[in-house]
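For reference, the chains in residue letters:
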Amino acid sequence: MIPVLVCAGIGLYAACRVVLEPETPRKLLYLSVLNFAVAGSIVLLVPDIMALFAAAAYFVGSTLESNAIASTWAGGVKRT
Amino acid sequence: MLGELVNIFIAAVLCWLLFIVVDVAFGLPEKGGVSGADAIASSVDRAGGDLNGGSMMGNIVCSPDASAGTLLAACGVYAAGVGGGLTAAVLVFIGNRICHDPGYAGTTGAVLATFMVYGLGMAGITAAECIAGMVIAILTIQGISHVQASRLLGKFWGWRT
Numbered sequence: 014m015i016p017v018l019v020c021a022g023i024g025l026y027a028a029c030r031v032v033l034e035p036e037t038p039r040k041l042l043y044l045s046v047l048n049f050a051v052a053g054s055i056v057l058l059v060p061d062i063m064a065l066f067a068a069a070a071y072f073v074g075s076t077l078e079s080n081a082i083a084s085t086w087a088g089g090v091k092r093t
Numbered sequence: 014m015l016g017e018l019v020n021i022f023i024a025a026v027l028c029w030l031l032f033i034v035v036d037v038a039f040g041l042p043e044k045g046g047v048s049g050a051d052a053i054a055s056s057v058d059r060a061g062g063d064l065n066g067g068s069m070m071g072n073i074v075c076s077p078d079a080s081a082g083t084l085l086a087a088c089g090v091y092a093a094g095v096g097g098g099l100t101a102a103v104l105v106f107i108g109n110r111i112c113h114d115p116g117y118a119g120t121t122g123a124v125l126a127t128f129m130v131y132g133l134g135m136a137g138i139t140a141a142e143c144i145a146g147m148v149i150a151i152l153t154i155q156g157i158s159h160v161q162a163s164r165l166l167g168k169f170w171g172w173r174t
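The listed protein sequences correspond, in order, to chains W and C. Position in the first sequence (from 1) plus 13 gives the number in the working numbering. Position in the second sequence (from 1) plus 13 gives the number in the working numbering.
The set of hints was computed from the structure by calculation and includes no laboratory data. Hints are not guaranteed to be accurate.
[Unchecked claim] Just a few of them, taken from the derived set where beta-carbon distance is under 10 Å, the chain C residues facing chain W: (1) S56; (2) I73; (3) C88; (4) C143; (5) V148; (6) I154; (7) Q161.
Cβ atoms here follow ideal geometry from the backbone N, Cα and C, with glycine treated the same way.
Work out the full structure, taking the sequences as your base and the hints as a guide.
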């Protein structure tokens, strides 16, 4: 039970920091902590191999979204 | 309860060391892998942090690195033992390719973490405690003070180069 509470507590803290942080690139740093906490909580709440796939899919998807937001904020793909 | 908290603390320290060593060894602080990671690095730099440390933090955000590998490997071991951890390593490898990351830090971190978490299990620290430990470890880098964390990572990068 304690590991789930630790993950949930850190997730809530990270969500608050995302909301309070004014700069977009640095919001994404807090968002990555939130993603870690949610991915960990998924597996801790449902201890099954399918939960691992769900957590990995969630994590990779959210990382890709952060990647896209950061790259768009930076001006998109630089083609030389 | 106190024993569980101590175990989570020990797991957090070990996970922290593992992912920092693997990420620095694979050169994540050198430069941002994508333009978004560079944007995060320059934002941390503008706030008074270190550019190399910021690059590593940006790379952690933009692609599954050793920290993600460690978390998912711990999740895999928790769900299905060593086989689950190695399955997580394959998922991290696929995730790296999806995120346009040519490196192998995430996959290497996941394989190493699988055996570390399994070994810790034999020493009495469960995979669930390792998952909580890894979430605490990433909190210390990405979620408390970006300026201080980037300076620390920059120092590690300075030692390597």
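Tell me, in ascending order, the numbers of any earlier hints that this structure violates. Violated hint (a single one): 7; every other hint is consistent with the structure.
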